[in-house]
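Top to bottom, those sequences are chains P, R, Z and V. According to my numbering, the first sequence is numbered sequentially starting from 1. According to my numbering, the second sequence is numbered sequentially starting from 1. According to my numbering, the third sequence is numbered sequentially starting from 1. According to my numbering, the fourth sequence is numbered sequentially starting from 1.
Hints may be right or wrong, so weigh each one.
Only pairs whose alpha carbons sit at most 25 angstroms apart, straight line, appear in this in silico DSS-like list of lysine-lysine [unchecked claim]:
1. Z:K235 / Z:K117
2. Z:K89 / Z:K53
3. Z:K89 / Z:K116
4. P:K94 / P:K135
5. Z:K173 / Z:K89
6. Z:K235 / Z:K89
7. Z:K53 / Z:K173
8. Z:K153 / Z:K111
9. P:K94 / P:K125
10. R:K70 / Z:K107
11. Z:K117 / Z:K164
12. Z:K116 / Z:K164
13. Z:K111 / V:K105
14. P:K135 / V:K68
15. Z:K107 / V:K105
16. Z:K153 / Z:K53
17. Z:K116 / V:K68
18. Z:K173 / Z:K116
19. Z:K107 / Z:K235
20. R:K131 / Z:K53
21. Z:K153 / Z:K117
22. R:K131 / P:K259
23. R:K30 / P:K135
24. R:K70 / Z:K53
25. V:K105 / Z:K153
26. Z:K173 / P:K259
27. P:K135 / P:K98
28. Z:K173 / Z:K117
Pairwise CB distance ranges, derived in the manner of DEER restraints [what the hints assert, rightly or not]:
29. P:R260 / Z:K53: 39 to 45 angstroms
30. P:V257 / Z:K53: 35 to 41 angstroms
31. P:I14 / V:Q166: 48 to 54 angstroms
32. P:E46 / Z:K53: 44 to 50 angstroms
33. Z:I24 / P:R260: 40 to 46 angstroms
34. P:T37 / R:P211: 55 to 61 angstroms
35. P:G149 / Z:L266: 27 to 33 angstroms
36. R:E161 / P:G49: 56 to 62 angstroms
The set of hints was computed from the structure by calculation and includes no laboratory data. Here a beta-carbon is modelled for each residue, glycine too, at the ideal position from N, C-alpha and C.
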Amino acid sequence: MIVAGRQTAFVFLIVTVALFYIFLEMARRGRRIPIRTFPAIAAIPEAIGRCAEMGKPLLYTSGYAMETLSNPDQGPQTLASISILSHVARLAVKAGVKLYYFTCIQDSLPLVEETLRTAYLEEGKPEEFDPLQIKYQAGQSPYLNAVLGFMQRERPAANILMGGFYYESVVMGEGGNTIGAMQIAGTANTHQMPFLIATCDYCLIAEELYAASANITQDPWVLGCLRGEDIMKIVILALLIVGFVISFTGTTFLIDVLKR
Amino acid sequence: MGYPTTMDGILGIWTALALMLFVYSYPLYKENQLFRFAEHFFIGLSLAIAAITGIQTTIRLAINPLMAGKVHYIIPILLGFMMYLILHRDYRWVSRYPIAILVGSSIGLGMRGTIIPNILSQIIATITPPKPGADATAWFNFVYIGIGTILAVMYFLLTFEHKGPLLYPTRLGRWVIMIGLGAYFGNTVLFRMAMLSGRAQFLLQVLGLVPF
Amino acid sequence: MSQESIWDRLQRIDRRVIYWILFILLMIPFIRPLSLPVSIGPQSITFIEGLRKLKEGDVVVINISSGVSAWPECLPSLVAVSKVLIQQKAKIIFWTSFVDGHMTFEKIVEKVPEFKKLTYGVDYVHLGFYTGAEPAVAQLAKNIRSIFTTDYKGTPIDQLPIMKGVNSANDVKMVISSDTGDYCDYYIRQWRIPYGVPLAEIGIAMNFSAYQPHWQAGILFGVTAGARGGAELEKLIGAPGDATITMDSINTSHLLVIVAVILANLGYAATRRRK
Amino acid sequence: MAEVVRRELVYVLTAVVVIIMIVDYFFAVPAISAIAGELNTWATVISTMALTLGAVNIIRVHSRNVRKRTPGVWYHSAWLIFIFAFVLLLGLTNINNPSANPIYKWIFDYSYVSLGQTWYAITGFYIASAAYRAFRARNIDAALLLIAGILVMLKNAPIGEVIWAQLPVLGGWFNDIGQMPAMRTFLIVAAFGLLAFGFRTLLGRERGFYGEVGGG
Chain P
1 MIVAGRQTAF
11 VFLIVTVALF
21 YIFLEMARRG
31 RRIPIRTFPA
41 IAAIPEAIGR
51 CAEMGKPLLY
61 TSGYAMETLS
71 NPDQGPQTLA
81 SISILSHVAR
91 LAVKAGVKLY
101 YFTCIQDSLP
111 LVEETLRTAY
121 LEEGKPEEFD
131 PLQIKYQAGQ
141 SPYLNAVLGF
151 MQRERPAANI
161 LMGGFYYESV
171 VMGEGGNTIG
181 AMQIAGTANT
191 HQMPFLIATC
201 DYCLIAEELY
211 AASANITQDP
221 WVLGCLRGED
231 IMKIVILALL
241 IVGFVISFTG
251 TTFLIDVLKR
Chain R
1 MGYPTTMDGI
11 LGIWTALALM
21 LFVYSYPLYK
31 ENQLFRFAEH
41 FFIGLSLAIA
51 AITGIQTTIR
61 LAINPLMAGK
71 VHYIIPILLG
81 FMMYLILHRD
91 YRWVSRYPIA
101 ILVGSSIGLG
111 MRGTIIPNIL
121 SQIIATITPP
131 KPGADATAWF
141 NFVYIGIGTI
151 LAVMYFLLTF
161 EHKGPLLYPT
171 RLGRWVIMIG
181 LGAYFGNTVL
191 FRMAMLSGRA
201 QFLLQVLGLV
211 PF
Chain Z
1 MSQESIWDRL
11 QRIDRRVIYW
21 ILFILLMIPF
31 IRPLSLPVSI
41 GPQSITFIEG
51 LRKLKEGDVV
61 VINISSGVSA
71 WPECLPSLVA
81 VSKVLIQQKA
91 KIIFWTSFVD
101 GHMTFEKIVE
111 KVPEFKKLTY
121 GVDYVHLGFY
131 TGAEPAVAQL
141 AKNIRSIFTT
151 DYKGTPIDQL
161 PIMKGVNSAN
171 DVKMVISSDT
181 GDYCDYYIRQ
191 WRIPYGVPLA
201 EIGIAMNFSA
211 YQPHWQAGIL
221 FGVTAGARGG
231 AELEKLIGAP
241 GDATITMDSI
251 NTSHLLVIVA
261 VILANLGYAA
271 TRRRK
Chain V
1 MAEVVRRELV
11 YVLTAVVVII
21 MIVDYFFAVP
31 AISAIAGELN
41 TWATVISTMA
51 LTLGAVNIIR
61 VHSRNVRKRT
71 PGVWYHSAWL
81 IFIFAFVLLL
91 GLTNINNPSA
101 NPIYKWIFDY
111 SYVSLGQTWY
121 AITGFYIASA
131 AYRAFRARNI
141 DAALLLIAGI
151 LVMLKNAPIG
161 EVIWAQLPVL
171 GGWFNDIGQM
181 PAMRTFLIVA
191 AFGLLAFGFR
201 TLLGRERGFY
211 GEVGGG
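Bound conformation, chain P alone:
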């Protein structure tokens, strides 16, 4: 029936998808799925307070991300970044801090503008929103130059770098460091995590970016999947712990099952 050597994998797939569906339905019916606290997200109010205190703007940018939302690896990171933007924008409007958003992703502009306009509306200051707060530049180099130029001229008190970054992360991280800005970052691109961790004060890594955004949007689909993933991670932890302990006895029962 099921091809030999793929039976355990098949059970794994079915159980995982089933868990996704169960928790999706629970989330849809209003069951609250908590997302853990991330220091990087908890530090956002502090960053905005710093901007208000120093009378400086806040810079927010979501990275090169292959310049399109339709890239399967980078698009979801940009969308997660824009969800976090809505949270940051509301806090900024409340504190009277001017937020500037830099991007080179043309097909994300309508969503960004809608996100910012909604944030200003929800905080009761729709008239304060200026579309020119959104700075679009086509191409990785012009986009990088625009951000560095803004940092030198306006000297923002805080930078938030969330999304699908490429090599521009190390240059932006350094630029923010040299003007003494507080920096919060987040990316699922493993190749840029080291640079953002080394140059920023806080950094979301890998799936944390999606979890932080789901916590803001309360999207049942993402929350349900995250809960399902966690249950499967607990299953894996159990397999690892049990397997690790019995490995000292020389028993290979668990390994044989996993190889089936």
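Assemble chains R, Z and V onto chain P, guided by the hints.
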């Protein structure tokens, strides 16, 4: 390949060097028109080479078999042309059908294929002890990888607050992850510096200070 | 001048000064090589051991998924591996997912003199370009001829003696993938696991970290880390080449980065103590 | 009504293709296997034809710059379009073997290769200056990262062994064993991310790649 002797070869390496210096004029001096010239030259050139290769490969992959009588190739060719309607606002919806095939096959292959190598094999490798008679280092490494992986996976529990029994294991887990990203950082520096040294070498080669 | 102002002034050094120092430091070892010995990692040793198991006539696929822009990192390993494959009298099928892959193929043939004693189309062939990520790699495993109808010059595939009887992954003894991106993942998922074809990765140095777990899990029999891996393979087969030369300039550039990080953190500690 | 049917039909088609791929892998039914193979061939043909689409899209953006005479940009865009058209025509002179055209081969050998390697290496500069001005052990995370990074660098650079014979051993440990738990965890976490993304695609929820933004 020694120092070029033909005129087009010599002209070629000096053009290549000039373009390199145009690009590096940006970090080594400041953003300028020469840099933008080289940047747009590279983008235009890359697009043209991609387009030519796309046309050449489409002919070999689909059009020749169709001409040779394999009539069913007409379907993917039509789907391929439907992709271009993404450029037209009114008919963009048509391009979703070829995208559905691309996305469906990629995601289906990914979902079915990822479990064994990325999950099961990694668990098996983590719980497979060193062979009998292995030295202390092998056992230390086995214990480090085992416990480190457990702590790092714990760190990625996202819907459970990291407090109580999870507080210290997840903190250790994040440290284990930082060590891994540190090694990744070390290899990234190796990668970028090896690339840049290739360019430094090329500069010396063109100046004749170092053999090609 | 109190000690603090030294750190402040050091911090205000223009970044272009650092760029110039780096570029000059990279050049010096090419003019005056240090030629320090290169230690060899276990991943390179198992790589060569895996290649040595090949018998005469075994068909090996070399997938070029790294561009000409990554030559300093991937080309030396591709050259070293090709030399060993020729010594083992294996038949080599090249194909590429990069639009400039034919350039890499022609550069390999140029840098490996032993190819001159071989016959194109009989001992080795380059089938050309394919794109389509995982679906294309999956279909190549099932039916090579549904993706390649000719070689890269347009010669029909059935007129190439090397391709006689080679239709799918079942007819291939080994795959070597050279990557800057994800194609090795596709060959793991669609060739290594389903068909059991031995697989090794020639990657840029960053890929070494990503594929190290697969090597330890026995999924990959070899992994090279960019130019460093190339230098190790060159040393193992006793044929020092481009990567061995590159290693010299790695010394000066790495020392600069290390000294820079240490200075940055000494300055950081000093300014924090002042506050 | 037609609009709704058209939209939902696409997500059903995507789901059917995903399911065919999965069934083909776990159950090895010859008929399903043939369909899966045909779909993968179609996907390859579509991807190949889409290569030129990327070019058309970017040329469209740059031709708008030229039409609107965007200051400081339009002449670079015009230069880009000229190079694109010129090289395209050169290549089309012998589509079966474009390199047979000497000018095409010259541009490829000397401009494309040089620019490609030059561009790819530019980050080396930025890493050096960032190392000096920004890589600070501001917290335990950054400290561990920098220490492990330096030790691996001293293992990768042959001079490490000259400084201290044990450095390659220590750096080698971090490179071979030290990073394993983290990289292994990233593989596991990425696999679940892919499964979750696939699950949402199966149920028609992931729509970013159709050009529709956010959830449907």
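Quick rundown of the hints versus the structure:
For a cut-off of 25 angstroms, the pair hint linking K235 (chain Z) to K117 (chain Z) stands: about 24 angstroms separates their Cα positions. Of the pairs offered as hints, the one joining K89 (chain Z) and K53 (chain Z) holds, with about 11 angstroms between alpha carbons and a cut-off of 25 angstroms not exceeded. Only pairs whose Cα atoms come within 25 angstroms are accepted, and K89 (chain Z) paired with K116 (chain Z) is accepted, the gap being roughly 14 angstroms. As the CA atoms of K94 (chain P) and K135 (chain P) are separated by approximately 22 angstroms, the hinted pair is consistent with the 25 angstroms bound.
Taken as a hint, the K173 (chain Z) and K89 (chain Z) pair is honoured in the structure, with Cα atoms around 13 angstroms apart against an allowance of 25 angstroms. As the CA atoms of K235 (chain Z) and K89 (chain Z) are separated by approximately 21 angstroms, the hinted pair is consistent with the 25 angstroms bound. Between the alpha carbons of K53 (chain Z) and K173 (chain Z) the distance comes to roughly 10 angstroms, so the proposed pair stays at or under 25 angstroms and holds. Straight-line distance between C-alpha atoms of K153 (chain Z) and K111 (chain Z) comes to about 20 angstroms, which keeps the hinted pair within the 25 angstroms bound.
Note on K94 (chain P) and K125 (chain P): the hinted pairing holds, with a Cα-Cα distance of about 9 angstroms set against a maximum of 25 angstroms. At most 25 angstroms may separate the alpha-carbon atoms for a hinted pair to count; K70 (chain R) and K107 (chain Z) exceed this at roughly 36 angstroms. The straight-line distance between the Cα atoms of K117 (chain Z) and K164 (chain Z) is roughly 21 angstroms, inside the 25 angstroms bound, and the hint therefore holds. Only pairs whose Cα atoms come within 25 angstroms are accepted, and K116 (chain Z) paired with K164 (chain Z) is accepted, the gap being roughly 22 angstroms.
For the hint pairing K111 (chain Z) with K105 (chain V), the CA-to-CA distance comes to about 19 angstroms; that is within 25 angstroms, so the pair holds. Using a Cα cut-off of 25 angstroms, the hinted pair K135 (chain P) and K68 (chain V) holds, with the two alpha carbons roughly 19 angstroms apart. For the proposed pair K107 (chain Z) and K105 (chain V), the alpha carbon gap of about 14 angstroms is at most 25 angstroms, so the pair holds. Simply put, K153 (chain Z) and K53 (chain Z) have alpha-carbon atoms about 32 angstroms apart, too far for the 25 angstroms limit, and the pair is violated.
Simply put, K116 (chain Z) and K68 (chain V) have alpha-carbon atoms about 55 angstroms apart, too far for the 25 angstroms limit, and the pair is violated. Only pairs whose Cα atoms come within 25 angstroms are accepted, and K173 (chain Z) paired with K116 (chain Z) is accepted, the gap being roughly 24 angstroms. Restraint check: the Cα-Cα separation between K107 (chain Z) and K235 (chain Z) comes to about 21 angstroms, which is no more than 25 angstroms; the hinted pair holds. As the CA atoms of K131 (chain R) and K53 (chain Z) are separated by approximately 23 angstroms, the hinted pair is consistent with the 25 angstroms bound.
Of the supplied pair hints, the one linking K153 (chain Z) and K117 (chain Z) holds, its CA atoms being roughly 20 angstroms apart against a limit of 25 angstroms. Taken as a hint, the K131 (chain R) and K259 (chain P) pair is honoured in the structure, with Cα atoms around 19 angstroms apart against an allowance of 25 angstroms. For a cut-off of 25 angstroms, the pair hint linking K30 (chain R) to K135 (chain P) stands: about 22 angstroms separates their Cα positions. Taking the CA atoms of K70 (chain R) and K53 (chain Z), the gap is near 41 angstroms; set against the 25 angstroms cutoff, the hint is violated.
For a cut-off of 25 angstroms, the pair hint linking K105 (chain V) to K153 (chain Z) stands: about 15 angstroms separates their Cα positions. Using a Cα cut-off of 25 angstroms, the hinted pair K173 (chain Z) and K259 (chain P) holds, with the two alpha carbons roughly 23 angstroms apart. For the given pair, K135 (chain P) sits about 13 angstroms from K98 (chain P) by alpha-carbon distance, which is consistent with the 25 angstroms threshold. Distance restraint check for K173 (chain Z) and K117 (chain Z): the Cα-Cα separation of roughly 23 angstroms lies within the 25 angstroms cut-off, and the hinted pair is therefore satisfied.
Checked against the hint of 39 to 45 angstroms, the pair R260 (chain P) and K53 (chain Z) fails, with Cβ atoms roughly 28 angstroms apart. Checking the proposed 35 to 41 angstroms range against V257 (chain P) and K53 (chain Z) shows it is violated: the Cβ atoms sit about 30 angstroms from each other. For I14 (chain P) paired with Q166 (chain V), a C-beta distance near 50 angstroms keeps the hint of 48 to 54 angstroms intact. Distance hint for E46 (chain P) and K53 (chain Z): a CB-CB separation of about 59 angstroms, inconsistent with the stated range 44 to 50 angstroms.
A C-beta distance of roughly 59 angstroms is found between I24 (chain Z) and R260 (chain P), which places it outside the suggested range of 40 to 46 angstroms. Judged by the Cβ atoms, the range 55 to 61 angstroms given for T37 (chain P) and P211 (chain R) holds: they are separated by roughly 60 angstroms. Evaluation of the 27 to 33 angstroms hint for G149 (chain P) and L266 (chain Z) yields a pass: the beta carbon distance comes to about 31 angstroms. For E161 (chain R) paired with G49 (chain P), a C-beta distance near 24 angstroms fails the hint of 56 to 62 angstroms.
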